[in-house]
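Trainee: Below, each chain spelled out in residue letters.
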Amino acid sequence: MRSVVLALVLAAVPARAQSEPEQRGEEPSEATAVEEAPPPGAESGRLDQPSDGESAARTAGRTLLFVPRGVLELAMAPIRGSIWANERYHIAARVGSLLFNDARTFGVYPLVFFESTQGVLVGAQLETGFSRHDRLKLFAGVGPSRYRVDGKFRSTGHFDDHVAFTVYGEYDRQPNARFYGIGNADEVDTPLMPVDAFDEDIATLTYYEDRLARAAGIVDVRMSPATYISAAGAIAHRGRDESSRGPSTEAVFEPATLVDFDSYRAGYGELELRYDTRGPASTWQPRMVTSKGSLAAAYGGLETVEPGPTFWRYGVDLQHYILIGSGPRVIAGRFEVEGISAASDEVPFTELPALGGRAWLRGYPLDRFRDRVAVAGTAEYQWDLSRELYASLFVDVGRVYPALDDLTFDDLRCGYGIALEGHSHRSLLARVSIASSIDGGVFFNLYLDPISEIEPRVRRR
Amino acid sequence: MRSSWLVLLMGSACAHSELPSPRFRNADPVHAVNDERDVPRPPKRRKDWSKLYDFDGSVRRPLTRPLELKAHRRALGVNALDEVPDSTWFTNRIGVRDLSPDDIENGPLTIESPATHLPWTVLGIKSEGVSLGLFVNDARGERFLIKFDAKGFPELQTAAHVIVDRLLWAYGYNVTEDFIAYVRRSDLQIAPNAVWTDAEGKTRRLDQADLTARLDTVDLGRDGRIRVLASRWLAGRALGGHPGEGVRDDDPNDRIPHQLRRDLRGELPIFAWLDSTDIKETNTLDMWIVDPSAPDRHFVRHYLLDFGNSLGAMAMLQHDPTRGYEYSLDYERMFTSLVSVGLQPRAWADRDAPPIVGVGLFEQTLDPAKWKPSTPAYQPLLETDRYDWLWGAKILIRFTPEQLRAAVLAGQLSDPRATAYLTRTLAIRQRAVAEYAFSRVRPFDNFKIDNTQSLCFDDLMITYGFVDRSGYTIAAYDFGGRKLGAYTARSTADGHFCTGALPLSRARDGYTIIGIRGDTPGNTYVHVARDRATSALRVIGIWRE
Chain A
5 MRSVVLALVL AAVPARAQSE PEQRGEEPSE ATAVEEAPPP GAESGRLDQP
55 SDGESAARTA GRTLLFVPRG VLELAMAPIR GSIWANERYH IAARVGSLLF
105 NDARTFGVYP LVFFESTQGV LVGAQLETGF SRHDRLKLFA GVGPSRYRVD
155 GKFRSTGHFD DHVAFTVYGE YDRQPNARFY GIGNADEVDT PLMPVDAFDE
205 DIATLTYYED RLARAAGIVD VRMSPATYIS AAGAIAHRGR DESSRGPSTE
255 AVFEPATLVD FDSYRAGYGE LELRYDTRGP ASTWQPRMVT SKGSLAAAYG
305 GLETVEPGPT FWRYGVDLQH YILIGSGPRV IAGRFEVEGI SAASDEVPFT
355 ELPALGGRAW LRGYPLDRFR DRVAVAGTAE YQWDLSRELY ASLFVDVGRV
405 YPALDDLTFD DLRCGYGIAL EGHSHRSLLA RVSIASSIDG GVFFNLYLDP
455 ISEIEPRVRR R
Chain B
-1 MRSSWLVLLM GSACAHSELP SPRFRNADPV HAVNDERDVP RPPKRRKDWS
49 KLYDFDGSVR RPLTRPLELK AHRRALGVNA LDEVPDSTWF TNRIGVRDLS
99 PDDIENGPLT IESPATHLPW TVLGIKSEGV SLGLFVNDAR GERFLIKFDA
149 KGFPELQTAA HVIVDRLLWA YGYNVTEDFI AYVRRSDLQI APNAVWTDAE
199 GKTRRLDQAD LTARLDTVDL GRDGRIRVLA SRWLAGRALG GHPGEGVRDD
249 DPNDRIPHQL RRDLRGELPI FAWLDSTDIK ETNTLDMWIV DPSAPDRHFV
299 RHYLLDFGNS LGAMAMLQHD PTRGYEYSLD YERMFTSLVS VGLQPRAWAD
349 RDAPPIVGVG LFEQTLDPAK WKPSTPAYQP LLETDRYDWL WGAKILIRFT
399 PEQLRAAVLA GQLSDPRATA YLTRTLAIRQ RAVAEYAFSR VRPFDNFKID
449 NTQSLCFDDL MITYGFVDRS GYTIAAYDFG GRKLGAYTAR STADGHFCTG
499 ALPLSRARDG YTIIGIRGDT PGNTYVHVAR DRATSALRVI GIWRE
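Chains as they are written, first to last, in my numbering: chain A, 5 to 465; chain B, -1 to 543.
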């Protein structure tokens, strides 16, 4: 009996399957004319339904992920809304037209700077181009620990594009400027009694108010495609006061050891010879990524401080970039020496070469080390994360010395960190770095200028 | 070939094989679908929020898509032979009907070039996109969008645009009628009511100073003429690009989610071939048109647009050798580069192309598996699987060198070396794409039943010379999956193979499934059955695994 039932079932299965098309009534005609063709979705000719891949596990997983997905969507909603509003109402263009004139030769726009030591500086910059070669920038900014106004007029294209002029002026007030003492000493807690600023064993964080007013001018002469001579001059007035933030510099360091602490005037003139072949290794690389070439610059200048001595300032900057692979991937070496001829206890400490901050010894606070001679070197490996985004690992080594005769590899300070740089093809958008050092601490910096750019002495703080 | 079937005895035939589930109706395959049913009201125009689209495509969707746990699905919109039937999206051309080199050089053109109908009247300036575009009417009243070569890159974009236009047309896509023309500034006359929209969205009257300022940004020939691409204005009402996911809800003919459409997913091989990296929804356009044969009927036709960044032009113009190799925002690449401190290989590092006018960074080496468009925003290309690759590659390998040269000639490049280089490079890349696709799914194709009741087919790996010989394992099954017979054989030298008379099932009109396996992984299952009307054996379906 069982075998009879099985036979019936076997006979019935093909018969049922065979009759499916007729039951569905979907048997197509021979005609393929569009009018008589089936609608989209009915062209497969399949008797079975294509799998949609769904399963209970997938549905359960989707249910579980509903909340994180919703959170993500919610988090991105304001960004999407902003992008949409910008496109819908042309907000960026409207703001641009508010900030700039139609020809884009005059405009006022906001700028933000950030450095761990100095904090945020928010301001506005007025920029105007009098011609294709003449550009004026005026900036005014405020932050929790800084007030700043500066202006720069740069005129290029003179003498068959061989000569450029820059005139520069600034007023910079830092109510909480930092001073750690003179020399390469380790940082210690605030001493109970006032100490000598030149005590080799003590460096401690103190605050003072710093006011700097300065005017400067620079003439750049291009002698050959890679050789430049620059002449620069500056006059400055510097005033200092007690900071509202403690410990106060005057309370910690014996005032007698702080030369011209209240105020002084300074004048400076300098000549620099520069050989510069830096640039992108090919047209396929972003223009602002330095991937080949070298810089060698030597300068010497005479500085006079009133009241105080007249002395020489000299220095060397060396940079070399080695392209090691596409991307570009670049190993860069930078080295600088800066010194003055005067004894460190004859000049105001703000005129001493300094290390620490966003350019040299990035794992230390701004101007952490000051003395008569400063020597620093950097090794940096930069590589591409994408066409517009670059990462770099860097190690900075250096220290300050009381004199050139005292140069030694002992007690070198070492900082290290990682940086990210965003580029368009034509310009650096921003650079952020996080750095630390063998002495601890974490320092975050935001830059709008390339790290390879050397700030002229007449503009340094 | 004589029959070598080892017909299994009834006892052993009871063993069921693990056959894939698809079964097909005993009917001729569908070669066209009707998606031209009347759409009396125009579907809503999709606005071009390009920055929002970029954000969604490059940031939001890559983050949220994995959380949707969507299963990968095989493409829809294919007939029983795994081919795309004709529709408002795609029309089978090359390989299905004869296309002479002249046909390809002419491509979609139906009217005379506007170059012979000067002067042109400038109606306005295109506001979308980065490059300059002018709306013009030629002297006979035909409307065009004209585009230009970027300064310093003569012939590059205009040639790329037209060459790719011709190839995509021959491939089967709807494209615009594109012409190369040379005009002088004096040939461009501003219409009294000509306007343009500024960056703030304000409409402004177009004057000579505006036009001159814009024309100063484009490449000017030595003879003072400007080379332009003239794209004929499409008939109908523009609805914007099609969505990359889902369908147009207000178009009843749009029934297959676009990310599942074979004709869209299958664009990836051709875009890789042509290095057409600028793939986004806004480079497609849907037009609500009047049916030419029934003026009271309307439907939507779907176009591909804007190919000027193809053939390595985008990499050249943006000085960016990563185009075609990386997304602009490529998280995977960024992550691997970060953790490997840049030590991971860069496939684009050695890109090179000869410095010939009109030639972009269009190199002869291509790894199709690694090719990427500029952004991951266009969903169908993210869904492309090896079957879609096979479909696309089967079509593109049909272009002969003469046909490729004809398409390149349409670009009217002034330097014969450019024509020769592009033709040669297209042929080399064509083979690279086909070889990659064919290595992932064995390309058995052109199945037919001959008069000896044998199943004949072409092994495209051999037909196109990618391998010399192959061994085949061929088995026959009935509808229920019971094995009817099997044997092994060696391929023929030309790749055309016939099985010998098939051991047909006796049930269901002889419904028999022929499984074919080559030396490379993957089986192809060919479903045959007798036509009830004529009793002739015919192929009714193909399924590839």
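Derived from the structure by calculation, the hints contain no laboratory data.
Take the hints with a grain of salt, since some may be wrong.
Claimed, not checked - Some, not all, of what chain A presents toward chain B, calculated at C-beta under 10 angstroms:
hint : residue
1    : 58
2    : 128
3    : 397
Backbone N, C-alpha and C fix where the C-beta goes; we use that ideal spot for every residue, glycine too.
Trainee: Is the hint on residue 58 of chain A kept, meaning its closest Cβ partner in chain B is under 10 angstroms away?
Mentor: holds, 6 angstroms
Trainee: Does the closest beta carbon of chain B sit nearer than 10 angstroms to the beta carbon of residue 128 of chain A?
Mentor: violated, 22 angstroms
Trainee: Can the hint on residue 397 of chain A be confirmed by a CB-to-CB distance to chain B that is less than 10 angstroms?
Mentor: holds, 7 angstroms
In this structure, only the earlier hint numbered 2 is contradicted, and the remaining ones agree with it.
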